[in-house]
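Read off the chains here:
Number of protein chains: 2
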Amino acid sequence: MPDRTERMVPADEGARGRFDRIYQTLRMRICLLDYAPGERLREEDLAEEFGVSRTPIRRVLVKLEAEGLLRSVHGVGTIVTDIEVEELAQVYELRVELAELVGKLSSVPIDDALVKRFRDIRNRCDQMVRKADPREFARINMEFFHLYNSLTNNVPLREFSERLYYQTTRIWLKTASRLRGYEALLLNEFIIFQREVVDITEAVENGDLAAAGHLRRAHIAMSFSRIRRAADSAGGALSPTPHSDG
Amino acid sequence: MPDRTERMVPADEGARGRFDRIYQTLRMRICLLDYAPGERLREEDLAEEFGVSRTPIRRVLVKLEAEGLLRSVHGVGTIVTDIEVEELAQVYELRVELAELVGKLSSVPIDDALVKRFRDIRNRCDQMVRKADPREFARINMEFFHLYNSLTNNVPLREFSERLYYQTTRIWLKTASRLRGYEALLLNEFIIFQREVVDITEAVENGDLAAAGHLRRAHIAMSFSRIRRAADSAGGALSPTPHSDG
DNA sequence: TAGTTCTATGTTGTGCACAACATCCCGCGA
DNA sequence: TCGCGGGATGTTGTGCACAACATAGAACTA
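Just so you know, the sequences run in chain order S and P. Heads up: the first sequence begins at 1 in the numbering used here, then just goes up one per residue. Heads up: the second sequence begins at 1 in the numbering used here, then just goes up one per residue.
Any given hint might turn out to be false.
What the hints assert, rightly or not - In silico DSBU-like links for lysine-lysine, alpha-carbon gap of 30 Å or less:
| # | chain 1 | residue 1 | chain 2 | residue 2 |
| --- | --- | --- | --- | --- |
| 1 | P | K116 | S | K63 |
| 2 | S | K116 | S | K104 |
| 3 | S | K174 | P | K63 |
| 4 | P | K131 | P | K116 |
| 5 | S | K63 | P | K174 |
| 6 | S | K174 | S | K131 |
| 7 | S | K104 | P | K131 |
| 8 | P | K104 | P | K116 |
| 9 | P | K131 | P | K104 |
Think of the hints as simulated: they come from the structure by calculation, not from any bench.
All chains should be built: construct the whole structure from the sequences, respecting the hints.
Here's what the structure looks like:
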């Protein structure tokens, strides 16, 4: 048997590994608003940053475009998608249903390791409640999302929930950041989020995934209600925003 | 304002139009089993057929891979995905729920034109009941799916339902075609499908989309039950099948 | 001065040659 | 006869040069 030389250095990744790495990186940046909605991405810049040519970059961009995060226009550029009020409502409408389904379909067996992961996040929430850093909030929110999502073994459900999540959080962040009283609002959201984590952790501890699903559903629905109400009272900040970049 | 010259000849399509055309064509072929699960697609062959180089073909393949219909392996080829029993069950489990949601979320207003489209398909079913051609059955089934899907305005829901549909129908066709008594089975399916069309058309005529949703849900669930039962009694034909091609 | 055309510039899309990778098959030796 | 090693072959992945396209701004005209 030919000695399948195991890759010793992590830097020496195959084509697939490189593709995934770039893809994950860009998706994270889009979700964390490092790339704002409406911003133009230059393929050549990305190629230079990741030390490859435009070709593999384009591969990643095509995939991100298929997921609705980017939109390439010939002769213009690759633009981070924005989203309309109507469509944001639709996405939330659907996320609410899917969240409940996660608790219903193909439940995973609950073992100590799983419960521990929930408790860990809950504890980390307690520790960082004072900081109220938007970026850190987004990160832990995302981490909790993935953990919650892992409660179902239904692969298509997991994938689609993930896609909708990445579609909405960045828009949520963007919308919230344009409202007056952003700091207070964010702190409030964090406290509510903390309660959600506590509630769902308890449901998981009790092995009641259906209850976890209902809790999650309610929290997502209320989260959207809050942001919409705040935006309405601020005078239509949820409307399509003009691009601020040149 | 510069006179935006509308394209007069359909042959003179832009890059985007060509991309969509190739994408739709390949997706249809995969769904209709022109490309069987496990089959290898050669980029160069496709490039030659569509009169372009490999580059735009690869663009399409990346998107189809992102949707789970293809899988590219460096140095091996681009392979039409197969699907495991477990995952097929998961996909159906989810399709059932989404079908019901189509009747619940963001319902479109029902006008005469919409009702007419349902009646048209119903009538065409009546006319072609004798033929029992698998390919024609798949086509009209697909057409009805798209029509039913258009009952909701929720874009993400439509997109995801579509993706799951394309994932399952081809596997359904493949599985059914390997069973004994395939002809009789198909004819039976067609008769049942005809009933479904009649039922849902009536629900739409009455403006009761929730009822349409429940009908659709029930029919999808029963369809999967039938195929699974038939496969079980035939001795595990739903198991992962060995590739028959060289 | 207002409107229009044209050119310069920048971006994504395409074609092609080559590198990286996996597999098959032939030949060799025990 | 069986195992195995290495080259031949075929496929996807990458890099690069150029084409197609869109836009902004200058230059020109009425």
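Hints versus structure:
| no. | hint | result |
| --- | --- | --- |
| 1 | K116/P <-> K63/S | violated, 38 Å |
| 2 | K116/S <-> K104/S | holds, 21 Å |
| 3 | K174/S <-> K63/P | holds, 28 Å |
| 4 | K131/P <-> K116/P | holds, 24 Å |
| 5 | K63/S <-> K174/P | holds, 28 Å |
| 6 | K174/S <-> K131/S | holds, 19 Å |
| 7 | K104/S <-> K131/P | violated, 41 Å |
| 8 | K104/P <-> K116/P | holds, 21 Å |
| 9 | K131/P <-> K104/P | violated, 35 Å |
Checked against the numbered hints given earlier, this structure breaks hints 1, 7, 9; the rest are met.
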